[in-house]
Structure formats: structure tokens, C-alpha cells
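J.: Given chain A, work out where chain B should sit, using these hints.
This is what each chain is made of:
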Amino acid sequence: MMNNEALNLHNRLALFRAEAGLSRKDLAEMVGVNPQTIGFLERGQYGPSLELGLKLARVFGVPVETLFSLEPFKPLAASLAAPRMMEGGR
Amino acid sequence: MAVAEFPRLSPRKGRAFAATAAVLVPVSQYGLIIRPWPLSVPAEMALAAMMLTGMVLAMMVLIGTPGWRRERRGVLDEREAAETAAVLSLSYRIMGFLLLAFALWFNLARQENSFGLIAPPPRVTGLLMIDLFWLHMLLPSLILVWRSRDDEED
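For the record, the sequence lines run as chains A and B.
Mapping of the first sequence onto the working numbering: position 28 corresponds to residue 28, and the numbering continues sequentially without gaps.
Mapping of the second sequence onto the working numbering: position 77 corresponds to residue 77, and the numbering continues sequentially without gaps.
For reference, chain B alone in the conformation it holds in the complex:
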């Protein structure tokens, strides 16, 4: 059975999509979920549209670059396969440090501490966990699109 393949994004497009998503998603999350100020219906809709656009762009980066995407054997050449493996390993380490930092911060902030750390409200904690998951999924793709060169001239 033929499997439909999502076209691979060019590095330039991947970088543009990733940067746009990196702005849209946190801004819309801040406005829509944390809600530091009351929102009118049109403002709510605008923020929801921003969030949706950011998530779609992030998904396109996720699907359109090797990263976690499972490529069929032979689709990546040997350099690309080696680079993808290196990037997955790097992402694994970065996410490990981030999880550790998050766990330390959260556990320290819940009790009295001399660092002045404040425990985040449950809503913010949940949001951070979701964002950490998004970052976990997107990080290999982000590193790959930023490392890739645009098509080279001969």
C-alpha cells in the first residue's frame, strides 16, 4: 500500500515556521490561559487564532523535518542519518537537564527556601508541563532546521 509522504520543509521555511510558532504559542497561552487581564470576545478569538496558527506551524515543523519523524529505510542518506541520530541524542540530554531543573525548581519552591523561589500556580504548572512536552517533540526538528544549510550553489 502506498503511504502518502509529507513533503520535507526547506531549512529556510522550517526556521521561519519555528520562529513564528515560538512567538505565537507563548504569547497566546499567556493571554488566553494565564489571563493577566480581562479579555473581550474578539480578543479571545484573536488569541485563539494565534494559538491555533502557532500549533499548526509547530506541527508542520515537526512533520516536515527528520527529527522524531520515522523515515523509511533509505530516505535519509548516511550523513543525514548520522546527523539526525546526533541531534536526537543532544535533544535527549537537553530535555534531561530541563526536566531536572524543572523538578528542582518545583520541589524547592513548594517549601520555604532561601533562593526566593515561588511555587507557580497549578494552572501555570500544567501549562509549563504541556510546553515542556511540545519542546520535547520539537527540539530535534528545531536543532536540525537551524543547523541545516540552505540549498547550496555549485
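Just chain A, same shape as in the assembly:
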């Protein structure tokens, strides 16, 4: 087991990377890590340092808490449906 295994850290890195059309290698080069590390991050097997988390967030132009969370992220369908439900409820 690794020292820094991210037991309680959830992320949407794979989703954002796919959305941006980046390969693991591309993203790894952009943030200065080994492509394997991106795989470890996406599977939640490694918790990044604050610096790496911020670098990743900067690549996608989002706040770091959009990428990483201590709570599990809601399914994408639920996140997309929520604003519409609020509009319908008004």
C-alpha cells in the first residue's frame, strides 16, 4: 500500500480529461508528472499534493474543489438535472 493512498478523496479527473480530449500522457506533460501517476489519481489510488491538485485544476480552468472532493460526487445526470428541476420548481 502506498503512503499517500487517497482513501477519502474523490475526483472527477477522468471525466474532465475526457471532456477536454486529453490523453493521460498529454495531461501528465502539462502538470509535470509520469503518465502512470494520472492513472493512479483517476483510480483514487493516490492523493495528490496541494500543488499538483492546483496545477490540475488550472489545466481545466476550474476551482480545485470541482475536481477533488472529500465527499463522493453526485452522478453526472443528477448534477445536470438539478438546475432544471430548480427552474421547473419556480
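It cannot be assumed that every hint is accurate.
[Claimed, not checked] In silico SDA-like links for lysine to any residue, alpha-carbon gap of 25 Å or less:
(1) Lys-25(A) / Ala-119(B)
(2) Lys-25(A) / Trp-146(B)
(3) Lys-55(A) / Val-75(B)
(4) Lys-55(A) / Glu-80(B)
(5) Lys-25(A) / Ser-69(A)
(6) Lys-13(B) / Asn-34(A)
(7) Lys-55(A) / Thr-66(A)
(8) Lys-25(A) / Arg-58(A)
[Said to hold, decoys possible] With beta-carbon atoms standing in for the labels, derived distance ranges:
(9) Leu-90(B) / Asn-8(A): 22 to 32 Å
(10) Val-124(B) / Lys-25(A): 48 to 58 Å
(11) Lys-25(A) / Asp-131(B): 38 to 48 Å
(12) Asn-8(A) / Phe-115(B): 46 to 56 Å
[What the hints assert, rightly or not] Over 10 Å on every C-beta distance to chain A, these chain B residues come out as not near it, computed from the model:
(13) Ile-34
(14) Met-55
(15) Arg-149
Simulated from the structure, these hints should not be mistaken for lab results.
Note that the structure is predicted; figures quoted are calculated from it, not measured.
Using N, Cα and C, we set each Cβ at its ideal position, and we do this for glycine too.
T.: Using the frame of chain A, we list chain B on its own:
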């Protein structure tokens, strides 16, 4: 001054080299140094070639993976640096237990004991010490190559 860098081994190659060395070195040591049977010259040469090949492969694993290899700052990313540190610490503990077990066995076997332990001949003891040193050097690399994943697809 530019420093020549030995290329890093892929996990698959590292595993193959380590497994081959783990077979070649003990088999050739057994045949060549312990010599349970008389050897002809060609057999001696074959065993020597096996030992040499095994040692070269072991050295390649040792040099080609982070392990004890001293990497320049920034060569390893933060995950690799953390993993290497964890593996070095694990190896340190494993080697500590092995040394303790070896010392207990050797000291018990030298005197009469109820465990049925037999003291190894000096030649075997020397060989075991050398092998223990090889294991000490190689263990971090071995753990790293076996833990690493092969290059992942996107």
C-alpha cells in the same frame, strides 16, 4: 558536466530480468560453489555463464529502477518519490527480519538444539551472506517492478 543516465526499465522488462536472475544465480551458485557433484569443464563454463548472466540481469534491474538508485531532484514525480520512500522503508524492515532470522538460526545451529537445526558449512554461510547482500541491494527494485503497472491505455 553532463551525466550519462541509464535508461529506466519498463515494469515488464524489470519483472522478466528479475525472475530470470532469481533462477540463474541460485542454480549456478549451487552447481558451481556448493558442487554437490563433480563437474566437467564445459559444465563449469556453462554454470559460470549462467551466473554471469544472472548477475548482469540483476545489476540491470538494480540500476534501471528507482530503488537505491539516486535520482536527481525532479526526476521522480511526487507519487514515484513517495512510493520509492515507502518501498525503501518496507525493504529495510524485511531485511531486518531476515538478518535476525539468519543470526538466530546460525547461533542456535552452532550449539546443540532441540529444533534439529544444523550449522551450515562455512562455504554455505559465506554464500548466504553474499546472497543476503544481493537481496538487500535488489529488494527495493524488486518490490517496485512488481508493484508498477505496465503502461496504461487511455
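J.: All hints, please: hold or fail.
T.: We went through each hint and held it up to the structure:
{"no.": "1", "hint": "Lys-25(A) / Ala-119(B)", "result": "55 Å, violated"}
{"no.": "2", "hint": "Lys-25(A) / Trp-146(B)", "result": "22 Å, holds"}
{"no.": "3", "hint": "Lys-55(A) / Val-75(B)", "result": "18 Å, holds"}
{"no.": "4", "hint": "Lys-55(A) / Glu-80(B)", "result": "17 Å, holds"}
{"no.": "5", "hint": "Lys-25(A) / Ser-69(A)", "result": "24 Å, holds"}
{"no.": "6", "hint": "Lys-13(B) / Asn-34(A)", "result": "18 Å, holds"}
{"no.": "7", "hint": "Lys-55(A) / Thr-66(A)", "result": "13 Å, holds"}
{"no.": "8", "hint": "Lys-25(A) / Arg-58(A)", "result": "17 Å, holds"}
{"no.": "9", "hint": "Leu-90(B) / Asn-8(A): 22 to 32 Å", "result": "23 Å, holds"}
{"no.": "10", "hint": "Val-124(B) / Lys-25(A): 48 to 58 Å", "result": "50 Å, holds"}
{"no.": "11", "hint": "Lys-25(A) / Asp-131(B): 38 to 48 Å", "result": "40 Å, holds"}
{"no.": "12", "hint": "Asn-8(A) / Phe-115(B): 46 to 56 Å", "result": "47 Å, holds"}
{"no.": "13", "hint": "Ile-34", "result": "38 Å, holds"}
{"no.": "14", "hint": "Met-55", "result": "29 Å, holds"}
{"no.": "15", "hint": "Arg-149", "result": "6 Å, violated"}
Going down the numbered hints, you'll see the structure goes against 1 and 15, while the others check out.
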